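For the first sequence, position 218 matches number 218 in UniProt numbering, and the numbering has no gaps at all.
It is worth saying that the hints were derived from the structure and are not from the lab. Note that the structure is a prediction, hence the values are computed from the model and not measured. It cannot be assumed that every hint is accurate.
Calculated pairs, PhoX-like style, for lysine-lysine (alpha carbon to alpha carbon, straight line, at most 20 Å) [unchecked claim]: (1) LYS420 x LYS287; (2) LYS134 x LYS122; (3) LYS96 x LYS699; (4) LYS699 x LYS150; (5) LYS341 x LYS364; (6) LYS599 x LYS641.
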Amino acid sequence: MDVDSETVSKGEEEQRKAIVLILVGAPGSGKSTFCDHVMRVSTRPWVRICQDTIGNGKSGTKTQCLMNAASALKDGKSVFIDRCNLDREQRADFVKLGGPQIDVHAVVLDLPAKLCISRSVKRTGHEGNLQGGKAAAVVNRMLQKKELPKLSEGFSRITFCQNETDVQAAVRTYNALGPLDTLPSGCFGQKNPEAKIQLGIMKFLKKVDAPVIAGSDATSSQDSVAKELWNKGLKSDSSSSANAVKEVKDGGELAVGSVVATATLDNVPTLAFPSISTADFQFNLEKASDIIVEKVEEFVTAQKNIDSSKFLTFVGDITHLYSGGGLRCNVIANAANWRLKPGGGGVNAAIFSAAGPALETATKERAGSLVPGKSVVVPLPSTSPLFSREGVTHVIHVVGPNMNPQRPNCLNNDYIKGCKVLREAYSSLFEGFASIVRSQEMLSKENNEKLGSGLLESHDHFELSHLNQFPNSDQKVKREDVYESERSKKCKGLQDEIGSRITDCTDAKDKLNSEKINGNMTKAWGSWAQALYHVAMHPERHKEDVIEMSDDVVVLNDLYPKAQKHLLVLVRSEGLDCLADACKEHLLLLRTMHAMGLKWAEKFSSEDESLVFRLGYHSAPSMQQLHLHVISQDFNSKHLKNKKHWNSFNSAFFRDSVDVIEEISKHGKATLKDEDSLLSMELRCHRCRSAHPNIPRLKSHISNCRAPFPASLIQNERLVCASKKDSINQ
DNA sequence: GTTCTAGAAC
DNA sequence: GTTCTAGAAC
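Turn these sequences into a full structure, and let the hints guide you.
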């Protein structure tokens, strides 16, 4: 959370933010014209980076564009990236130009293909020499690759334009943007053909400090989804929460969400909430808007860890924030009815319908009904489509005041009471969100101590699965007993190398997996599984992989590293295939392996202090020949592709080397847990323990999660890092 | 249509 | 262990 550094440096400097404006559009969509129009009028210093002209006659390169853009930004100028930028990959490097003092915007010129083609075909003397008949084919091909930008790519603001009116509105918006101004964050102008927009909530914006300038004419386009406003100097004044653009759809259909995040929209607890009581409950919009502004401001001021600049409003469907708008919001609020039942209409019906029956069941467990002004936090079961599709982990039901005589508890226009109840409703909602944030912080810091029961109460589903992973000491004993009995059943513990390797195993599967080799029953390894064995036997033949060799072990880079640094310390002697084979006589060897792994981990973490390592064995390895994994905890690797990969390093399947040594010295054998269930467990962040629906989403989360490691990992030196305090607890 | 997972072959 | 791919999920 970079909140502190941001707020400390407040003042003139901070407002002088440069902008990287990435234009997205096919040839002929009007990107260059857009730049020209803005540069002609704007008082802000703009530089246009155009790939067509940058090469001085020759065709330019992306690298040239990047270099020129970087140097213009260095001079304090804002830049237009005038190239097609139609897919995410094309845009990515330019998005990276952004930073604390540089906002990255996109303007999407998503005009009809026909129009782009006809313009490209007609024009002559085009800078990129794309004209005439050839243009049609090129534009068509490019449009097939089109991938509309999302906020999650790193944009702070995206403006979608689908017709000339939209383009003109966007031009006006940027024209009027002086050197010190900033624009509100969020997505603007994205069309949803079913959405009808009510402009009355414009009143909400009147709350914003002057000067307020309307970016586009509210009446000019019927289906315009967002109107843009901004206020000057909003970051240093006290009403930063008024940095908001708000729209409500007609007839109380799916409403607008407001989003409060603590740092980035991607990976920290983020709340999205609709405006409460403004739809079916017919509360006066102006009064409602005042209260939203007031309560949000109060909340972001009180919560030191919430970055008020990350408050934004978003026009869209609150049940499709991720899939429809690229916004990751793990907590959404529902403008519920007092019975906490589906139906009614508006947001409530939409959320219950999108979340499926799981939400109704989970809600019932929490509360049967709710009085106006109160809220209830409901953890969303992972079976809900809202969880798997949108990444929503909690729904907070809020009941606001009702002014609709057709509905229960009508206040008959008693706005004194109504406003009081609405304030309570927002307070309760934000407190609910704060409790989720706190409990997630607790979870990440959690050690074997008990959690506050109040927090536990609202997060049972987290706790249960969490305890699965990090049992407290009592449970640990139990679990180990379980491992033990299962292990005996499976007869994995092979006594020693010489003697009776033949077991009385009755497990059919084990028999199938076994065969007689040299008279001993041992696991059959496929040819692909023997690669490490071959390296161990002939390290000299694999010099390109091997980084160190001793009499006992070989150290090599994992061929498919699952993190930035991923080494294997491989036993050289024949016959010790896996951890199940290890017993007391191997203790010395295991300690040698550990020492070797530790040496490399320390070397790497001293070179790069951000690297933290874990040393351990897989309970049931896929590759023959005992090997110790030395793996950095970033898990930043393209080779980490599936659940099995993740869980093999982040569940009880992974046996820490220190524990293995301790267990073998005490009991003569290591505790193994090779159940399939461990490898197919739900995906949880190894730091904050948050759950994620799939591997891409998990990876996106862990790339930014800075929560401290769980105490169970910090204890007993299971984690190795350069400076324990700094690296683990940052 | 695209993204993601999971099973089979190697 | 990976790669390939069908089909499930979105």
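Handout entry: Indices of hints not satisfied (ascending)
Key = 6
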